[in-house]
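Assemble the complex: chain A is given as a structure, and chain B must be docked to it using the hints.
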Amino acid sequence: MRRLGERFTLLGPGLGYLTVLMVVPLALVLSYSIFQRGRFGGLIYEPTTENFARLFDPLYLNVVVTSVKLAGVTTILALLLGYPTAYAITKLTPKWKTVALIALVLPFWTNFLIRTYAWIVLLSPAGLVNDALTGWGLIDEPLQLLYRQPAIVAGLLYAYVPLMVLPLYAALERMDDELLEAAANLGAKPARAFFSVTFPLTLPAVFTGCVFVFVPSLGNFVVPELLGGGQTAMVGNLVRDQFLKARDWPFGATLALAVVAMLVVLLMLQAWSARRLAGDGDA
Amino acid sequence: MAMRRVPFFLTYVFLWIPILVVVGMSFNAGDSPFNWGGFSFRWYGELAADEEIRQGLVNTLIVATGSTALSTVLGTLLAVGLARHTRSKLLDAVATLPVILPDIVLAIGLLAFYALVQLTLGLYSVLLAHAVFGTAAVAAVVRTRLATTDPSLEEASRDLGANGFTTFWRITLPSLAPGVVAGALLAFTLSVDEFVIAFFTAGPQSPTLPIVIYSMVRFGVTPEINALATVLLAVTFTAILAAQRLTRLAGSR
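Protein chains in written order, with numbering that gives the first Met the number 0: chain A, 0 to 282; chain B, 0 to 252.
This is chain A alone, in the form it adopts within the complex (with noise of 0.2 Å):
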């Protein structure tokens, strides 16, 4: 009985809290997507599937598609950049690791706005990327790098990469060495000995890097904006517009959704890959 006090004394605020503040309002995105926009704004509670028909407009459908590339390109790219990344450092003497890591999140966790603006002041025409090449005479006249789609994936990429390390680095930091001796002793080459032994192992982790890449890549309406100059929308800005512009909560709350859904189904392929991962390791 003690202990059933207890429990809830330290359970019951922080859940009550999450509860209230973050379960409640999801609930709530979950429930608008079935009702209509009411005509100044708010809502009318009749069901409909209208919303979820109007995210195959092809109006709508192309910025999805267009987001998913995006958002898609960038996690590649972050993992062919990362997982040799997250590979050197285990590598490294202990101090050394100490020092990338640190070097490797710091950046990361300057404010969002400035790292995006830092990429403004880089690409613009007047700005250093240009000057550079201009100096060493390899362009006659700027490029406009910026507003444009590789300007946005550079920088989703920028933001985000050192999301994609940290997972790999974890894993890779756990794989045992004397599997890779045994594969060695085996005959295996190390390129052969790395896409049978390692990678497998690292496969989870993968996943989770490029979950937690694509996610926010997706949901991003910051770096499209200032770095794409609103020519190129994704699925943020459009949540964002239907928020704060249109007034239309029902639609806005579907994009979210759709959002929420992709994020959904790559959870359980690393939760499938992890679980298989697991069952190999018993057989």
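Keep in mind that the hints are not guaranteed to be accurate.
Simulated restraints on C-beta separations [what the hints assert, rightly or not]:
hint : chain 1 : residue 1 : chain 2 : residue 2 : range
1    : B       : Arg157    : A       : Trp271    : 21 to 27 Å
2    : B       : Asp30     : A       : Val23     : 45 to 51 Å
3    : B       : Arg4      : A       : Lys244    : 19 to 25 Å
4    : B       : Ser87     : A       : Phe198    : 33 to 39 Å
5    : B       : Glu45     : A       : Leu58     : 40 to 46 Å
6    : B       : Gln204    : A       : Gly15     : 27 to 33 Å
Keep in mind the hints are simulated off the structure, nothing from the lab. Built from N, CA and C at the ideal position, the CB exists for glycine as well.
Just chain B, lined up with the frame of chain A:
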């Protein structure tokens, strides 16, 4: 061997060049945020005199301090409760959800919730919102600390007749202290930097610093932002290094 290191160096160059450029340009005497016109502290002076930024900073500090206080209490209790008093996967998931949920989803959910309960948006609406992920962050950090503490001390305290409150106050909490402080620092930093949720839940009269930065960046680039960025970088770096030290202390003791 050297080839294999290329992506490693590329990552760090990629991560640090923009930051170094912004810091360097903050000491620019000229009017351009891009082109060097000699060394000066001019923009730091302009920054100090900027009323809008000062107000944003005050708002941000109010929000961060309040939400950190709330998060630290809620998160610490939650961490102990989750580690010692339940095995529920569902409760675990609720406590970690704010970390993986896209910020924009939480932002619109809170906006809808505030509209439903007819809470006028102001600073406190941001403060309450920031305590959501703050609580999750503190709980996560304190739990890693809990994993290394010995529950037998708590049991001994109970066996000697101390009640739950005394045990928590005299035994559990002191052993968690480094974790609690590290968690609080994390919650504070997260709140100071947070933009999306604040953007949706702040009242029009009470923009936080990131919202002020956003409108500055949107309506044009001035070297003043470079100076502001440098100051923020210095503050964040100090906080993170302090948290790192504390976490290391927490781990080693």
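Taking the hints in turn, this is what the structure says about them:
The hint said 21 to 27 Å for the Cβ distance between Arg157 of chain B and Trp271 of chain A, and at roughly 42 Å that hint is violated. Restraint check, Asp30 of chain B to Val23 of chain A: a C-beta distance of roughly 50 Å satisfies the suggested window 45 to 51 Å. Under the hint 19 to 25 Å, the C-beta atoms of Arg4 of chain B and Lys244 of chain A, about 48 Å apart, miss the expected range. For the hinted restraint 33 to 39 Å between Ser87 of chain B and Phe198 of chain A, the CB-CB distance of approximately 35 Å keeps it satisfied.
At roughly 43 Å, the beta-carbon separation of Glu45 of chain B and Leu58 of chain A lies within the given 40 to 46 Å, and the hint holds. A hinted range of 27 to 33 Å holds for the C-beta pair Gln204 of chain B and Gly15 of chain A, which are about 30 Å apart.
In this structure, the hints that do not hold are numbers 1, 3, in rising order.
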